[in-house]
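Asks: So you can see what is in the structure, the chains are spelled out below.
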Amino acid sequence: MLMISLDRLDELFAAVAAKQTLYLPADREDGQAEYRRWEDGVKLSSRLNTVRSAKDFFFPQTEDLVEFKMEGKNIEVIDPRKESEDFVVFGVRACDARSFTILDKVYLVEPVDSYYKTRRDHGTVVTMACTRPEETCFCRTFGIDPTAPEGDCACWSDGESLFFRANTEKGEKFVDSISSLLDEGDTEKLEKINERTRDVLSKMPLANLSAENFGGDKLNEYFNSDKWGELSEACLGCGTCTFVCPTCQCYDIRDFDTGHGIKRFRCWDSCMYSDFTKMAHGNPRLTQLERFRQRFMHKLVYFPANNNGEFGCVGCGRCLSKCPISMNIVKVMKALEVK
Amino acid sequence: MNSETLIPYVGVVTDIRQDTPDVKTFRVVSPEGGKLFEHMPGQCAMVSVPGVGEGMFSITSSPTNTEFMEFSIKKCGHLTNWLHAMDVGQQITVRGPYGNNFPVETELKGKDLLFIAGGIGLAPLRSVINYVRDKRENYGKIQIVYGSRSKDDLVDYQEIINEWMADDGVEVNLTIDREQEGWDGHVGFVPNYVKELAPSTDKTVLVCGPPIMIKFTLAGLKEIGFTETQVYTTMELRMKCAIGKCGRCNIGNKYVCKDGPVFRFDELDELPDEY
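Those protein sequences? They're chains A and B, same order as listed.
Note that our numbering has the first sequence beginning at 1, numbered continuously upward.
Note that our numbering has the second sequence beginning at 1, numbered continuously upward.
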């Protein structure tokens with residue numbers, strides 16, 4: 001397999017960044033990782049994952065949809081988009097890589113969201129196999145193999161070298177573009193590492209969590225479960241889970257008066273918020289119970305009902321570590337499950 | 001549909017009719033004249049005043065109208081207050097059409113039709129009523145039961161009196177909630193009136209109105225022998241994108257903006273009770 005020595009990573013990143021914008025996880029001063037644009041001196045984080053997911057690259061937290069120039073009674077409509085450039089997202093974990101195919105099932109089905117599609121077309125996703133999963137990880141519950149991530153090109157590290165395998169045409173182009181830096185390398189050590197990672201995963205606390213009893217078949221049974229009250233009782237409705245979630249894709253559309261015209265933008269929104277469904281004549285989800293239920297029903301029941309059983313969760317564990325009341329999808333699944 | 005569906009068309013308001021104290025009907029055409037886009041009865045559009053807001057409204061004019069589109073809008077919030085205050089000649093933005101439609105070319109064809117509406121609930125049905133009136137040969141008898149709080153709250157009253165009531169094979173039954181001077185028609189709530197009228201149970205029913213009216217009307221229809229598979233209605237939930245992506249109007253595995261707004265009652269039965 002083609003590889004590069006880890007001490008030549010800067011050279012590799014410089015070569016990629018010379019042609020396209022390159023983003024990768026880097027450590028912040030507080031020790032947490034976030035995606036950053038690579039420039040000289042930026043080091044790849046050694047942490048398992050970023051605090052925020054990678055969905056921003058294709059579904060940014062805010063973006064302008066359309067602009068209006070208002071003059072008297074007249075309106076001019078302007079498409080604010082400029083030409084897009086190619087970019088590479090490097091070091092995406094298997095869970096986040098799968099989240100992109102889940103977002104695709106929302107944004108690339110008819111009518112296609114062209115804002116999202118343009119970014120998908122221009123972005124190359126280079127993934128990184130996990131070697132040190134954490135106790136909040138449960139990607140395997142959703143059929144994700146963290147030692148064989150999806151994405152346009154997958155990478156593995158054996159502690160000395162970084163190995164590359166293209167999964168798609170875009171991935172092949174990426175490998176071609178850096179081929180002058182790569183050498184053929186022996187993967188024997190790599191296979192042992194992958195085996196060890198899988199072994200560790202099977203001993204992790206959430207190794208036996210199964211989603212097999214969820215899906216569209218028991219829609220009303222789960223909706224009418226008497227467990228929702230207790231589960232949602234302490235929920236603050238802060239929406240943190242939805243903001244760190246790589247598959248949460250609900251959005252709001254709002255207008256902003258710039259003083260020179262009106263900008264219509266969209267921004268992430270959360271079904272956990274009380275005004276999410278509020279209408280002039282009332283609100284069908286009056287309490288946090290209904291809002292809390294909506295989020296989990298959507299991921300575990302409604303989404304699979306519409307997508308051949310695929311769940312709207314990738315087991316990245318971000319909500320497990322970030323929820324201020326320590327409530328999360330794992331607890332919900334365990335409490336709710338009907339066998 | 002516009003290929004860039006989140007980018008709206010500009011429309012010009014060429015006529016504003018005050019229907020009731022809180023409902024106005026707005027006529028909209030493209031700046032070059034003519035309709036902005038084609039639609040089917042029951043479909044909706046996102047109407048917006050940039051900087052004020054955007055909302056989903058049913059297109060109340062019939063697709064058979066080749067000149068313009070109409071929206072009957074009740075004043076009940078920020079955007080609708082603004083729309084009610086504007087003058088003829090104002091430009092607004094419109095995108096659509098969105099959602100499914102009443103099955104006028106399939107299940108409803110050849111059937112006797114019973115329309116039941118309450119208040120502003122007439123808006124989505126008016127599109128179907130005028131469509132079947134214009135394609136009269138494709139449908140059987142038409143009965144329209146329409147009620148409002150008072151005579152003044154009957155939307156499209158002049159059209160009902162002058163056109164619908166004058167048609168052969170169209171029976172119109174109006175009712176108002178309470179006695180009122182100058183009204184010698186029926187007085188009482190729509191669900192009870194429907195039961196009193198005891199329509200023939202081989203009709204296909206289209207019902208729109210406030211949720212409470214729909215609930216009691218359906219119960220009444222079942223009492224006199226109708227089944228849920230004979231009755232269609234429209235739903236409304238909060239919407240932003242109108243294309244099944246922003247997540248607001250999700251109920252069960254359906255999105256009202258794209259899988260609805262038209263549902264048959266047996267389909268609604270399968271959805272969680274959250275609307």
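Hints are supplied without guarantee of correctness; some may be wrong.
[To be verified] Straight-line C-alpha distance at most 25 Å; calculated SDA-like pairs for lysine to any residue: (1) A:Lys278 x B:Cys76; (2) A:Lys339 x A:Phe142; (3) B:Lys215 x A:Thr287.
[Claimed, not checked] Sample of chain B residues facing chain A (criterion: CB under 10 Å; computed from the structure): (4) Ile7; (5) Ile160; (6) Ile161; (7) Asn162; (8) Trp164; (9) Met165; (10) Ala166; (11) Gly169; (12) Asn173; (13) Glu223; (14) Arg238; (15) Lys240; (16) Ile243; (17) Gly244.
[Stated by the list, open to error] Output of the computed footprint for chain A on chain B, the stretches with three or more beta carbons under 8 Å from beta carbons of chain A: (18) 91 to 102; (19) 107 to 119; (20) 133 to 146.
Bear in mind the hints are in silico, worked out from the structure with no lab data behind them.
Glycine included, every Cβ here is placed at the ideal spot set by N, Cα and C.
Asks: Against each hint, give a clear statement of whether it holds in the structure.
Replies: Verification of the supplied hints:
1. As the CA atoms of Lys278 (chain A) and Cys76 (chain B) are separated by approximately 13 Å, the hinted pair is consistent with the 25 Å bound.
2. Simply put, Lys339 (chain A) and Phe142 (chain A) have alpha-carbon atoms about 18 Å apart, close enough for the 25 Å limit, and the pair holds.
3. Restraint check for Lys215 (chain B) and Thr287 (chain A): the C-alpha separation of about 23 Å stays at or below 25 Å, so the hint holds.
4. Hint status for Ile7 (chain B) relative to chain A: holds, with the closest Cβ pair at about 5 Å, below 10 Å.
5. The interface hint given for Ile160 (chain B) is broken, as the beta carbon of that residue sits about 24 Å from the closest beta carbon of chain A, more than 10 Å.
6. At about 28 Å, the closest approach between the beta carbon of Ile161 (chain B) and any beta carbon in chain A exceeds 10 Å, and the interface hint on this residue is violated.
7. For Asn162 (chain B), the shortest C-beta to C-beta distance to chain A is roughly 31 Å, which exceeds 10 Å, and the interface hint is violated.
8. Proximity of Trp164 (chain B) to chain A is violated relative to the hint, the smallest CB-CB distance being about 27 Å (cut-off 10 Å).
9. Interface restraint check for Met165 (chain B): the shortest CB-CB distance to chain A comes to about 30 Å, outside 10 Å, so the restraint is violated.
10. Hint status for Ala166 (chain B) relative to chain A: violated, with the closest Cβ pair at about 34 Å, above 10 Å.
11. Nearest Cβ of chain A to the Cβ of Gly169 (chain B): about 35 Å, over the 10 Å cut. The hint is violated.
12. Interface restraint check for Asn173 (chain B): the shortest CB-CB distance to chain A comes to about 26 Å, outside 10 Å, so the restraint is violated.
13. About 25 Å separates the beta-carbon of Glu223 (chain B) from the nearest beta-carbon of chain A, more than 10 Å, and the hint is not met.
14. The interface hint given for Arg238 (chain B) is met, as the beta carbon of that residue sits about 5 Å from the closest beta carbon of chain A, less than 10 Å.
15. Annotation: interface hint on Lys240 (chain B) holds; nearest CB of chain A at approximately 5 Å, less than 10 Å.
16. With a least beta-carbon distance of about 5 Å to chain A, the hint placing Ile243 (chain B) at the interface is held under the 10 Å criterion.
17. The restraint placing Gly244 (chain B) at the interface with chain A holds, with a minimum CB-CB distance near 8 Å, inside the 10 Å limit.
18. Only residues whose beta carbon comes within less than 8 Å of a beta carbon in chain A count, and the segment 91 to 102 of chain B has 3; three or more means the coverage holds.
19. Given a C-beta distance limit of less than 8 Å, the hint that chain A covers the segment 107 to 119 of chain B is violated, as 0 residues qualify and 3 are needed.
20. With 0 residues having a Cβ less than 8 Å from any Cβ of chain A, the segment 133 to 146 of chain B misses the three-residue criterion, and the hint is violated.
Figure legend: structure checked against the earlier numbered hints; hints not met, in rising order: 5, 6, 7, 8, 9, 10, 11, 12, 13, 19, 20.
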